[in-house]
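Student: Protein chains in written order, with numbering that gives the first Met the number 0: chain A, 0 to 407; chain B, 0 to 258; chain C, 0 to 366.
Since the hints were derived computationally from the structure, they do not count as laboratory data.
Just so you know, even glycine gets a beta-carbon here, dropped at the ideal spot from N, CA and C.
Heads up, some of the hints might be wrong.
Claimed, not checked - Quick list of simulated restraints, FRET-style, between CB atoms:
| id | chain 1 | residue 1 | chain 2 | residue 2 | range |
| --- | --- | --- | --- | --- | --- |
| 1 | A | Gln172 | C | Asp86 | 43 to 51 Å |
| 2 | C | Ala11 | A | Asn152 | 39 to 47 Å |
| 3 | A | Asp305 | C | Pro199 | 30 to 38 Å |
| 4 | C | Arg293 | B | Ser114 | 28 to 36 Å |
| 5 | C | Arg293 | A | Asp307 | 46 to 54 Å |
| 6 | A | Glu174 | C | Arg10 | 54 to 62 Å |
| 7 | A | Glu234 | C | Glu128 | 38 to 46 Å |
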Amino acid sequence: MEVRKGSSQDPNSAKYKLNQIAAKAYSDAQAAKERGEKVGWCASNFPVELPETLGIPVCYPENQAAGIAARGQGEKLCSIAEDEGYSNDICAYARISLAYAKIKDEPAQNMPMPDFMLCCNNICSCMTKWYENLSKELDIPLIMIDIPFNPDNEVSRDEIEYVKAQFLEAVRQLEEITGKKWSDERFREVMANSCRTSRAWLEATALAAARPSPFNGFDLLNHMAVMVTARGKPEAAEAMELLAREYRENIENGTSTFRAEEKYRIMFEGIACWPWLRVTSTGLKSRGINMVSTIYADAFGFIYDDFDGMIEAYCKVPNAINLETARDKRVRLCNNIGVDGLLVHTNRSCKLWSGFMPEMSRQIGEACGIPVVSFDGDQADPRNFSEAQYDTRVQGLTEIMASRKAGE
Amino acid sequence: MLTLGIDIGSTTAKCAVLEDGRDFRAVSLRDSGVGTDGPQAAFEGVLAELGVSRRDIDCVCATGYGRAAWQDADLRASELTCHCLGGVYVFPGLRTLIDIGGQDAKVISIDAGGSMAEFVMNDKCAAGTGRFLDVMAALLRCPVDSFAEAAARSKSPASISNTCTVFAESEVISQLAAGAAVEDVIAGVCRSVATRVGSLARRLDMREPVCMSGGVARNAAVREALSEYLQVPVLFDERAQLFGAMGAAIYAAKRKSKE
Amino acid sequence: MEVREILDVFRAADPAALKEKYLAEGRKIVLTAPVYTPEEIIHSMGLVPMGVWGADVLLKRSKRYFPAFICSVVQSIVELGMRGTYDGASAIVIPSLCDSLKVVGQNWKYAVPGIPFIPMTYPQNRASEAGRAFTKAGYLRVIRDLEAATGAKFSAQALADSIKIYNEHNALMRRFGREAGKYLSAADRSAVFKSAFFMPKEEHAALVKKLLAALEGEKPLSGPSVVTTGILADSPAILAKLDELGLRIAADDVAAESRQYRTDAPETGDPLDALAAKFAGMGCCSVLLDPEKRRADLIVDSVRETGASGVLALQTEFCDPEEFDYVIIKKACAAAGIPLLAVEVDRQMANFGQAETMLEAFSERLG
Numbered sequence: 000m001e002v003r004k005g006s007s008q009d010p011n012s013a014k015y016k017l018n019q020i021a022a023k024a025y026s027d028a029q030a031a032k033e034r035g036e037k038v039g040w041c042a043s044n045f046p047v048e049l050p051e052t053l054g055i056p057v058c059y060p061e062n063q064a065a066g067i068a069a070r071g072q073g074e075k076l077c078s079i080a081e082d083e084g085y086s087n088d089i090c091a092y093a094r095i096s097l098a099y100a101k102i103k104d105e106p107a108q109n110m111p112m113p114d115f116m117l118c119c120n121n122i123c124s125c126m127t128k129w130y131e132n133l134s135k136e137l138d139i140p141l142i143m144i145d146i147p148f149n150p151d152n153e154v155s156r157d158e159i160e161y162v163k164a165q166f167l168e169a170v171r172q173l174e175e176i177t178g179k180k181w182s183d184e185r186f187r188e189v190m191a192n193s194c195r196t197s198r199a200w201l202e203a204t205a206l207a208a209a210r211p212s213p214f215n216g217f218d219l220l221n222h223m224a225v226m227v228t229a230r231g232k233p234e235a236a237e238a239m240e241l242l243a244r245e246y247r248e249n250i251e252n253g254t255s256t257f258r259a260e261e262k263y264r265i266m267f268e269g270i271a272c273w274p275w276l277r278v279t280s281t282g283l284k285s286r287g288i289n290m291v292s293t294i295y296a297d298a299f300g301f302i303y304d305d306f307d308g309m310i311e312a313y314c315k316v317p318n319a320i321n322l323e324t325a326r327d328k329r330v331r332l333c334n335n336i337g338v339d340g341l342l343v344h345t346n347r348s349c350k351l352w353s354g355f356m357p358e359m360s361r362q363i364g365e366a367c368g369i370p371v372v373s374f375d376g377d378q379a380d381p382r383n384f385s386e387a388q389y390d391t392r393v394q395g396l397t398e399i400m401a402s403r404k405a406g407e
Numbered sequence: 000m001l002t003l004g005i006d007i008g009s010t011t012a013k014c015a016v017l018e019d020g021r022d023f024r025a026v027s028l029r030d031s032g033v034g035t036d037g038p039q040a041a042f043e044g045v046l047a048e049l050g051v052s053r054r055d056i057d058c059v060c061a062t063g064y065g066r067a068a069w070q071d072a073d074l075r076a077s078e079l080t081c082h083c084l085g086g087v088y089v090f091p092g093l094r095t096l097i098d099i100g101g102q103d104a105k106v107i108s109i110d111a112g113g114s115m116a117e118f119v120m121n122d123k124c125a126a127g128t129g130r131f132l133d134v135m136a137a138l139l140r141c142p143v144d145s146f147a148e149a150a151a152r153s154k155s156p157a158s159i160s161n162t163c164t165v166f167a168e169s170e171v172i173s174q175l176a177a178g179a180a181v182e183d184v185i186a187g188v189c190r191s192v193a194t195r196v197g198s199l200a201r202r203l204d205m206r207e208p209v210c211m212s213g214g215v216a217r218n219a220a221v222r223e224a225l226s227e228y229l230q231v232p233v234l235f236d237e238r239a240q241l242f243g244a245m246g247a248a249i250y251a252a253k254r255k256s257k258e
Numbered sequence: 000m001e002v003r004e005i006l007d008v009f010r011a012a013d014p015a016a017l018k019e020k021y022l023a024e025g026r027k028i029v030l031t032a033p034v035y036t037p038e039e040i041i042h043s044m045g046l047v048p049m050g051v052w053g054a055d056v057l058l059k060r061s062k063r064y065f066p067a068f069i070c071s072v073v074q075s076i077v078e079l080g081m082r083g084t085y086d087g088a089s090a091i092v093i094p095s096l097c098d099s100l101k102v103v104g105q106n107w108k109y110a111v112p113g114i115p116f117i118p119m120t121y122p123q124n125r126a127s128e129a130g131r132a133f134t135k136a137g138y139l140r141v142i143r144d145l146e147a148a149t150g151a152k153f154s155a156q157a158l159a160d161s162i163k164i165y166n167e168h169n170a171l172m173r174r175f176g177r178e179a180g181k182y183l184s185a186a187d188r189s190a191v192f193k194s195a196f197f198m199p200k201e202e203h204a205a206l207v208k209k210l211l212a213a214l215e216g217e218k219p220l221s222g223p224s225v226v227t228t229g230i231l232a233d234s235p236a237i238l239a240k241l242d243e244l245g246l247r248i249a250a251d252d253v254a255a256e257s258r259q260y261r262t263d264a265p266e267t268g269d270p271l272d273a274l275a276a277k278f279a280g281m282g283c284c285s286v287l288l289d290p291e292k293r294r295a296d297l298i299v300d301s302v303r304e305t306g307a308s309g310v311l312a313l314q315t316e317f318c319d320p321e322e323f324d325y326v327i328i329k330k331a332c333a334a335a336g337i338p339l340l341a342v343e344v345d346r347q348m349a350n351f352g353q354a355e356t357m358l359e360a361f362s363e364r365l366g
């Protein structure tokens, strides 16, 4: 059988390598657990540099929940959490994770049970509650790095000092729990890897500016797993650099992983609707719409020079910043990449992300002169999405983009 | 001693008359509830059947959504307590009662002594209530009473998973637009109600035997789906819709005998 | 004064009328949003803090800013702001202790541009030295913003004086929380807590003191009682139902009630450090980091201490901090053999039928 170059079966392709790295994160943690090492569960925007430097294996519940939801088991696990008394209004990632902690086996995506929790609430306060409950229910320590929502445009010195003290305290706690020792030299390596991976990621995602874009934006949702779980590893940096190379080649060859004519280019706002990934993707592709930009492109661009710089980067993740800064980041992305419209996922699971989105997306639409359309959905609970509504909204967006193009 | 229970629900009114706290002498049911003449008609109907007047009744207990508005009551009790009493009367040793009414769905866990131990009710969303079935019946142009029969013909029940009634409506329309058979959609709707209510039951420490009460209990498709979801047999009695009224009469008799 | 007369004063504390009165006196008003604002600072600067916890109003204009699944407490704050209910206020202080509160602050800037938004950023690791320093930095920022918005000036001495006034009020409210269940209806109890957000602290404290004295001669009420928990417990329909059923509130763990008064600031040292120490000492609350979930123990303990028959969880719809805690509270109550009822409430509730039925059934179970 001939394997198409660059396809997920081609062992030399970035896609294959990235999938391997993502899968290896789970198997490494499982193997470590079986060896008797202490394993942590870690929030996606926790400074991964800390466990990576210490050589502590960690798993990512958000990543697991997305995987479980994408493989069609979201409703089952959400229901198990609801049976425990959790409201169905709670974030579906949290519900899936709490359910997993109870049943401890879900073939859609298993991972070892934790000995400690690594929480960072820079993406939401919901994270704090979710990890508190896991820590209480599993009776394991919670290491908490609190990075408050920043109402200002700049990160203050006070905030850096507060977060820095917590980083140091987290290292101390981790050393105590695992018996492993911090090494500045190792930290410099990890920091370099993380920056190198992030730089490659930013470069690859920015290549969407080419027309047509060298890739289908839904690819990024897949590759993001590596940015979450392995950005401090050299193999991740190498695979991301390969990805950027492949995209550049696509541009030169006039090819793309978006296998349709790119009639329209949009920015997609919000977490993917994992249970309805195919439906949401097909709804766009069938109309010649490529999702060329998401804030994820920016979200995992952790680039810094030193310890303080690293802290500042974690204080500036997308959901920790005020409306104006968040808006300007998106306006910049829209303008740099070039988009015809904005499709907003009003995500039932995410109060913080969706809570000021109506106002922010209005402002983005105005600043970029593009139509904005939203639909109701959920990142992991399939029951909060209506295919008919999605289809109608996307059709509406397409019609507006078409009439604007005709009027140009 | 004669005691009378009147259960005034959102869509029906039911009465039951109990003699000496032991035997039911008469029952009545009218298909119109709060704010209509249904309760009065059910009340007069049950008295006429027995050939007695209001004066002959020692104690009247009102329950259901309309209980507060029923002027002629000596006592009032919540429908939770009443359904529990009615259920235990019909099924001695009953430990879990699932009631799906017009507006509400409730699950009551009952202790070994036959008293209510704990309960949960549906949230504001109409999914999992009789109201949800009514909305779907109108949409599918098939009376709710025919749902069980239609669902029995279904070969592959459609998946109706939305928690929101408005979304579920659009889900149903999409299914029909995609060519799904009406009976498959109906079977899917019945399953969806069972799943919603079943998940409430799982929040309690559910013990057997389990029975269903309320108007929706008559729908065999919902009953069977519920039994399948909970993995336990779900008992049913023809008087399921009258449990509230019967329980109210029992409540009145208990109170009376304490005096 | 008789108990009834004193209660009438609390009940008459209408925020709209008081706002007009303060403005007519030439005083400046600063709105304080849930859950914890440094009221002492506002008070010490000669400004009048007025609590804004939303109201039972139909959400219309605020829908432009919020998706449906953000809690109606915060949505109704913006709704009232857009309607002009708060016109005349000089600023609003909004702490970002939950995701919905973060969102309110951001929307406020565009929805109610006439009333400046002052953010208060609290740390969750609040007890450490770094945490206290960050809390203090947050207070300094609030002070700067308040000075800019109102022209008032901050002084450490004035803050030390205000801390004393607040500590005295806290102590009285703690005593009131214990005594109220013995003598007062749920509605009357609520009126005393609610008025504390609108009346000047000194006046409120004096009146509570009088009430406590007057209650000493009263005959205690009988019947079962509950411990309430949640964000708010001020729904007139729910309170009326509790009173109709004869269910007393023995104690509460309600954010808008006793959680406000549990902790005092030290009265020594730098007053801003003292205020940061107060925040560091706070806990047992859904919006303050609590990995051991001591809140659940506190609820179980207060049932035991007061001899209450059960716990009534008034759950604000879409309030995820409370929804997470609920499961742990539920387990703690079950383990302790304490009956628990959860009733979902929100500021948009038009139909209380189900809630009333549940309360009745709960009372039948406790009775």
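Student: Each hint should be assessed against the structure and marked as holding or not.
Tutor: Verification of the supplied hints:
| no. | hint | in the structure |
| --- | --- | --- |
| 1 | Gln172(A) / Asp86(C): 43 to 51 Å | holds, 50 Å |
| 2 | Ala11(C) / Asn152(A): 39 to 47 Å | holds, 45 Å |
| 3 | Asp305(A) / Pro199(C): 30 to 38 Å | violated, 51 Å |
| 4 | Arg293(C) / Ser114(B): 28 to 36 Å | holds, 33 Å |
| 5 | Arg293(C) / Asp307(A): 46 to 54 Å | violated, 34 Å |
| 6 | Glu174(A) / Arg10(C): 54 to 62 Å | holds, 58 Å |
| 7 | Glu234(A) / Glu128(C): 38 to 46 Å | holds, 40 Å |
Violated hints, listed in ascending order, are 3, 5; each of the other numbered hints is respected by the structure.
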